[in-house]
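Chemist: Listed here are the chains, written in short residue letters.
4 protein chains.
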Amino acid sequence: MKLNNHASGHHFLQIPGPSPVPDRILRAISLPTIDHRGPEFGALGLSVLAGLQLIFQTRHPVIVYPASGTGAWEAALANTLSPGDALLMFETGHFAALWHKLALRLGLRPEFLALPGTDAVGLPNGWRRGVQADLIEERLRADAGHQIKAVCVVHNETSTGVTSDIAAVRRAIDAAKHPALLLVDTISGLACADYRHDQWGVDVSISGSQKGLMLPPGISFNALSPKAIATSRTAHLPKAYWAWDEILESNKTGYWPSTPNTNLLYGLAAALQMLLEEGLDNVIARHQRWAEGVRAGVHAWGLEIQCTDPQVYSPVLTGVVMPAGVDADRVRRTIHERFDLSLGTGLGKVKGRMFRIGHLGDSNDLTLLAALAGCEMGLKLSGVALAGSGVQVAMEFFASRPQRAAMPAAA
Amino acid sequence: MKLNNHASGHHFLQIPGPSPVPDRILRAISLPTIDHRGPEFGALGLSVLAGLQLIFQTRHPVIVYPASGTGAWEAALANTLSPGDALLMFETGHFAALWHKLALRLGLRPEFLALPGTDAVGLPNGWRRGVQADLIEERLRADAGHQIKAVCVVHNETSTGVTSDIAAVRRAIDAAKHPALLLVDTISGLACADYRHDQWGVDVSISGSQKGLMLPPGISFNALSPKAIATSRTAHLPKAYWAWDEILESNKTGYWPSTPNTNLLYGLAAALQMLLEEGLDNVIARHQRWAEGVRAGVHAWGLEIQCTDPQVYSPVLTGVVMPAGVDADRVRRTIHERFDLSLGTGLGKVKGRMFRIGHLGDSNDLTLLAALAGCEMGLKLSGVALAGSGVQVAMEFFASRPQRAAMPAAA
Amino acid sequence: MKLNNHASGHHFLQIPGPSPVPDRILRAISLPTIDHRGPEFGALGLSVLAGLQLIFQTRHPVIVYPASGTGAWEAALANTLSPGDALLMFETGHFAALWHKLALRLGLRPEFLALPGTDAVGLPNGWRRGVQADLIEERLRADAGHQIKAVCVVHNETSTGVTSDIAAVRRAIDAAKHPALLLVDTISGLACADYRHDQWGVDVSISGSQKGLMLPPGISFNALSPKAIATSRTAHLPKAYWAWDEILESNKTGYWPSTPNTNLLYGLAAALQMLLEEGLDNVIARHQRWAEGVRAGVHAWGLEIQCTDPQVYSPVLTGVVMPAGVDADRVRRTIHERFDLSLGTGLGKVKGRMFRIGHLGDSNDLTLLAALAGCEMGLKLSGVALAGSGVQVAMEFFASRPQRAAMPAAA
Amino acid sequence: MKLNNHASGHHFLQIPGPSPVPDRILRAISLPTIDHRGPEFGALGLSVLAGLQLIFQTRHPVIVYPASGTGAWEAALANTLSPGDALLMFETGHFAALWHKLALRLGLRPEFLALPGTDAVGLPNGWRRGVQADLIEERLRADAGHQIKAVCVVHNETSTGVTSDIAAVRRAIDAAKHPALLLVDTISGLACADYRHDQWGVDVSISGSQKGLMLPPGISFNALSPKAIATSRTAHLPKAYWAWDEILESNKTGYWPSTPNTNLLYGLAAALQMLLEEGLDNVIARHQRWAEGVRAGVHAWGLEIQCTDPQVYSPVLTGVVMPAGVDADRVRRTIHERFDLSLGTGLGKVKGRMFRIGHLGDSNDLTLLAALAGCEMGLKLSGVALAGSGVQVAMEFFASRPQRAAMPAAA
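Chains as they are written, first to last, in numbering that gives the first Met the number 0: chain A, 0 to 410; chain B, 0 to 410; chain C, 0 to 410; chain D, 0 to 410.
Bear in mind the hints are in silico, worked out from the structure with no lab data behind them.
Take these hints with a grain of salt, some might be off.
Since the list gives no way to pick one copy over another, a pair counts as held whenever it fits inside one copy or between any two copies.
[Claimed, not checked] List of simulated lysine-lysine pairs, BS3-like, C-alpha gap at most 25 Å:
id : residue 1 : residue 2
1  : Lys176    : Lys348
2  : Lys100    : Lys379
3  : Lys176    : Lys350
4  : Lys379    : Lys176
5  : Lys226    : Lys348
6  : Lys251    : Lys348
7  : Lys251    : Lys350
8  : Lys176    : Lys100
9  : Lys100    : Lys251
10 : Lys226    : Lys350
11 : Lys226    : Lys379
12 : Lys251    : Lys379
13 : Lys176    : Lys251
14 : Lys226    : Lys176
15 : Lys348    : Lys100
16 : Lys350    : Lys100
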């Protein structure tokens, strides 16, 4: 991507977020900024807040922060917890680890559950599978005194390409008869993978703008449950910017207590309209089909996928593990330089061992085939022996499996 | 402003921020989002960080937050203070009051100094004048035990149109030989009014994107001093999202630890280029001239200006006090409905008593004359008796006082 | 207007076309170019052609040319006339004169009727009044052999600010029982002034994109009558690019025989939607009100309006005559340099004697007051003695005469 | 391409023009329209006219028309010829045939030379090879009386993908010692294929905006020779809109006699800057490399290329001939519906027999591989038996043959 581009064609941004932003949204965010206290703004605010509820599948309030996803992580903790509270977090990958670190910085006492050990190729077992609800249940049963105030899990682990079963986590908490809140990071899951805030009994869902919502980064969210709201009234970690109370009050008329991110809200309104016009089921099916095509390509190359449990393959991204001795970042660099294609780097414990192909946002079959072609050429140029052509297999997949047409709303 | 506009001409956004955003910036923020870990991004980051130093007039680091100005207020306190710390804050208006309330919510012990009493027309004295450095000096001298950890003042009080003398506050602290940090909110002052972070000995300057920088809201700043950075290492209010340490580390190569607000950074790069091309001195002179023209108009109407001390008239906005019995918000509404002109409302203790004319951002003489014309017509339609035509007097001012041409850099 | 603008506010483009283009249209023309032979294009084409009929108030075809208005002048002649044909044209100003010259270049024999003489201030009488239908009738009656094949008049003369009575011209032709075609240039009249192709019996209406349609220049139009179409089949001036026959055939399915101006057609679709949403009656009333306000201002200055017949004042622009000895172009230059306001120059026989204020396109009351303020300041700076403040009088006009609200379609 | 697009990714516009327009150009054309008589405009005009000379490789004037390429065809003839003049035109394909038809409509006497016969698969021989300079020389030698006033050939025949040798045509005319003018249509050749107006002795070069210049359609060009200009002074086809004389006069200061296509000129300025920054040699090499990769793909499919002479393969587009019995337009429709990829249809004598892949404009290796993937899938879905994978072979080509980096200007 050259910001002052020559006639070099579109950059292929196939990282797992920020996702490629549709033109319609880029245009929306460049509308003139308006008075955030004027009448037009209130109408915009109410419309955006209502649309977000449909996306989170909740009847309860959704908080919008002018902040990145990290801010929304902090907000979820700051509103529901008190200094020194114990938490149960589950290590699914790099982003779970970052959230754990953030909890530590806030003066909380997070316990970090994980599947132990590494596998045959030296990758941590816990980074190749989803949240283990049975381990959570077991741990909560052992917490007779209910010291643990919240269970924190990542829905779609962006660093690995694993989409955990959140309903199972809720069942585990209920089975343990434990009162802990359930806080879920669905930053990269929302509006790509199936996500049901109310039905799954989530207390705080955390999300961001730059993944399935297809916006640039800069807005993030907390979807709340009544229990979370009630808890926030007594929790006493210091909170001001993140405090839900004043925001909830202002939001009733479509405004915010501090200056909102007006132009990104224009984009959010456009994104919500696009997603709801298409229909959330169609949106999710679209990402699943893309993911299946990409995985077919990776399999054809004879390379391993980071996620080893097909039940929890991510519809958002696919982690591609390099053969021993191949530096994944060198491969990525070659692909970027030669084919103007950006891929996600390996993060934390898998740095250099894998790269990530994002298949979300403003894409289509040909975009993904182009991305696979860029990977295939780059892998070969990097000396990686491939079992076959991933592009060829993915073409067969996409040609033989047309995307389900969007259903009319009344059907 | 109609978001789906008919051929109704440009909306006149004359609130004291968000300011009218130049097309060049709106276009910049709609460029395709890029990989915030890729090589192009690092170059963008370094360029923006360097430019910000020139605007804050500092050689020390400037922190960029994907957050509104309220977040940057919180960040300044969270990085430099510990639970229960005492602060000295000065009430210049509504935004000083909001910052004070935020400090309370964070568990700090802010003392709120103010000029006492109300004046002849019932407006609070402290909301019509600047920070009183002598009162601060007096209070600090009384704090023999140095309990007060920071002095917090607002540079340009957006709710009143008063630009305080920050150098005088620094002199007061020094005169009192007090070690308190000096934290200054220049959210609406920066890049409109003269502001010198290093020369004035400010420890943390807080600013935002949507005023003199002419961006949409969504980015805010902390400019630091070495003393502030040193203090942040031991201050122990919980901090994660706002924590300077990781940001300073990442910023060395032009990146951020969490996802930055990429598209607003495009806009920021454009804004910095525009301001530096024009020259900061010219930018400030431009706002001063506009303000003088607008005040000439208000005087001609025979209406009072909120700021009663000509030494501290704001170059950014002018507060216009309504005669007794006139509801300023009704006047504003008439003006908005009839002439598509947005003005700032009276906030807090002056609600309904005054409105505010912003004269910042993407404006020119004719824009301001149009705004004065809208006010003049709306005041008359609202039954406010005017002594004369403000438009007429402002035309004479603008015609007789051409704007100083931008000087070539080498001159 | 600086193409790489500093924060200098919007340029005030108050020439009588190109008119200020609404953002909505500028955004539309920057959508990606599509295949002009693909299915989406046909739908666009049909929609645009249908909308144009509503604007021209005709049930007959409208031809769209990728060409400026001059091209559409040539097209009207080339399709309906044969080498050496006699025409009757009427001199209303510079554009009538240019069209006359074009007819000469095409090898036609145009006769140029005009009011004779100059008036007290030395300006040509014919350039201050509309088409004189009685002179046309008289001339046609004298043409017993029907040598004259077409009568050519300008509806809204952009060089003077006079809007002629086209219905009267039609009555004159009919009264003379003359078979000549009626060709009318409404380049700057359409979608500002009342215009009725069918009702007024016009055979070819010529218009362009950059005036009332609020587009950039580059598209122009011929609206046809059945008689014009029939005539075109036998007329034998050479024609290819301008030939109606192939275009009419292709247009049936929404396409064009040669490559159409795709991106300007996007803008045209947006413009038609805006105008039809507002309602053509409201559009015309809006321009009339603006014109009345501007004329009130000019009268208050004590300056003469170019058009001396109030029955034919143009709703699109107002010509302002300078006192003897004042170079109108020097005044315009001062206004442009000091206040970033563009005005129309005096053209042809009135060069240096007057300037023109456009009041069309994306404007509103404050825009026009700003334009008047720029003129008033510039006139004074140029040493022109003014009788009073035009801005003051125009403010009174606009304040006391609210714009009629757009009526709901069903009312 | 959906004008109100869902998150369906970018449309792949791989027709041989309009080419995919770079964002930078789309943004340029949406800048506010300025006064085409103001000082900023003159600077824009001069800059664009100077840049065009570099692209046409000429020191002589280039005329810019607000018109499509068809208009520029007409202009070239209208300025240089008189009623009834004889021309020699050469049939290379559909666009040569359209130009021939246009000459007939203008009342000229064009003779249409062609290679006779059809080949084994029933396609016309002349539509698979370039201009035959020997046939032209022979015909001119036979024209002892010099009745033929101009030789008209198409440089890059957009309907077939053949780029003729223009220098050879010039040599043929010279060898025949014939004074005829050489008029060349390089509408789709300019700024993709090598083109040298002066060096090749072309008298009028005709081009358009929507191909190698990467603009939307709406502007077209005549590049002139001194001989062409001299001829235009006596040629007496009627001409007004197209007449060079007034345009040449106005252009001296950067203006036009009639209203220019301002916003497309903004785009043209941007396009010229992009092309000249890259360097014309690099631009041409880029298109040649793309074309070679695409042809490698077509060969791998075992399909015939429309052009049968490798010396004159077009760098701009490749015609792909369908096996007997396959309806090329049905294949195109399938590809468009399933993969949102637009291809060029077969035109005129090859309708239904072939489709055309454009490889010009804002593209890159991955874009072209995506286009080939769309074709490959669509061909298979249409039941066309392929010999192998064109995508696979093209990947090998693009991977093994990196694009030459742009050379620094000074090297």
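Chemist: Hint by hint, work out which the structure violates, then give me just those numbers in ascending order.
Modeler: Violated hints (numbers, rising): 1, 2, 3, 4, 5, 8, 10, 11, 12, 13; every other hint is consistent with the structure.
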